[in-house]
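Line order of the protein sequences matches chains A and B. Residue numbers for the first sequence, in my numbering: 1 to 114. Residue numbers for the second sequence, in my numbering: 115 to 227.
Hints listed in this document are in silico derivations from the structure and should not be mistaken for laboratory results. All C-beta atoms, glycine included, are put in the ideal place defined by N, C-alpha and C. Keep in mind that the hints are not guaranteed to be accurate.
The calculated label-pair distances, taken between Cβ atoms and stated as ranges, are [as the list claims (entries may be wrong)]:
id, chain 1, residue 1, chain 2, residue 2, range
1, B, Met197, A, Glu52, 23 to 29 Å
2, A, Gly58, B, Lys182, 42 to 48 Å
3, B, Met197, A, Glu82, 21 to 27 Å
4, A, Asn77, B, Ile174, 33 to 39 Å
5, A, Thr102, B, Thr222, 23 to 29 Å
6, A, Thr14, B, Glu180, 44 to 50 Å
7, B, Ser140, A, Pro61, 33 to 39 Å
8, A, Gln41, B, Asn211, 22 to 28 Å
9, B, Lys182, A, Arg57, 30 to 36 Å
10, B, Ser140, A, Leu83, 38 to 44 Å
11, A, Ser65, B, Ala227, 45 to 51 Å
12, A, Asn59, B, Asn211, 18 to 24 Å
13, B, Leu121, A, Arg57, 18 to 24 Å
25 Å max Cα-Cα, derived DMTMM-like pairs, lysine to aspartate or glutamate [what the hints assert, rightly or not]:
id, chain 1, residue 1, chain 2, residue 2
14, B, Lys156, A, Glu53
15, B, Lys210, A, Asp85
16, B, Lys210, B, Glu180
17, B, Lys156, A, Asp84
18, B, Lys172, B, Glu129
19, B, Lys156, B, Glu129
20, B, Lys210, A, Asp84
21, B, Lys156, B, Glu185
22, B, Lys210, A, Glu52
23, B, Lys172, B, Asp199
Residue-level listing of the chains:
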Amino acid sequence: ETGVTQSPTHLIKTRGQQVTLRCSSQSGHNTVSWYQQALGQGPQFIFQYYREEENGRGNFPPRFSGLQFPNYSSELNVNALELDDSALYLCASSLRLAGTDTQYFGPGTRLTVL
Amino acid sequence: AQSVTQLDSHVSVSEGTPVLLRCNYSSSYSPSLFWYVQHPNKGLQLLLKYTSAATLVKGINGFEAEFKKSETSFHLTKPSAHMSDAAEYFCVVSVKNDYKLSFGAGTTVTVRA
Chain A
1 ETGVTQSPTH
11 LIKTRGQQVT
21 LRCSSQSGHN
31 TVSWYQQALG
41 QGPQFIFQYY
51 REEENGRGNF
61 PPRFSGLQFP
71 NYSSELNVNA
81 LELDDSALYL
91 CASSLRLAGT
101 DTQYFGPGTR
111 LTVL
Chain B
115 AQSVTQLDSH
125 VSVSEGTPVL
135 LRCNYSSSYS
145 PSLFWYVQHP
155 NKGLQLLLKY
165 TSAATLVKGI
175 NGFEAEFKKS
185 ETSFHLTKPS
195 AHMSDAAEYF
205 CVVSVKNDYK
215 LSFGAGTTVT
225 VRA
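Please construct the entire structure, taking both the sequences and the accompanying hints into account.
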């Protein structure tokens, strides 16, 4: 176990709705990254938060947004849900040091959009 | 930009035989390379990482990988497969100061009894 937790485990929404996913980072980590994993594919980088600010973003529209809190936990918000948003959403935490940090993943939230 | 290509979408081995998962990378800068494993309905677990130290990297559960710059490869091996190795394996690349991970498409490993 990595110590990274995510909630909820599963979620079902309908098109047009909004959703908030939550992530608690591993103790001692200061950076949170979010990834989307569609069925049968590798995870795709959504964005990363460091010191409560967005620090890099993948090819996702602005309706995907996030927050990082002072305790380094994080939220991913998705507005105006579309059917293609159905996926496993993974959160990863890491300790930002010089160079590349190693990311440790939570179990994910399975989002189904109907 | 950086990317990885996993050369096999599916690998099937018999229990007790060697496992080889092939990965080629592309990167404009010196890369860091990782292998992650994902068991059904689970999150991603780090198997091993290469970050410009020794080119032969040993990981958990008997896995190891070798970084070959001349071939731009980072293949994952295990001498003897176990039933519990059945899972999805991802080769991943990142570069210094660009902290996102770029994943390959994955290789599904099945282990026959």
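Contradicted hints - numbers only: The structure breaks hints 1, 2, 3, 7, 10, 13, 14, 15, 20, 21; every other hint is satisfied.
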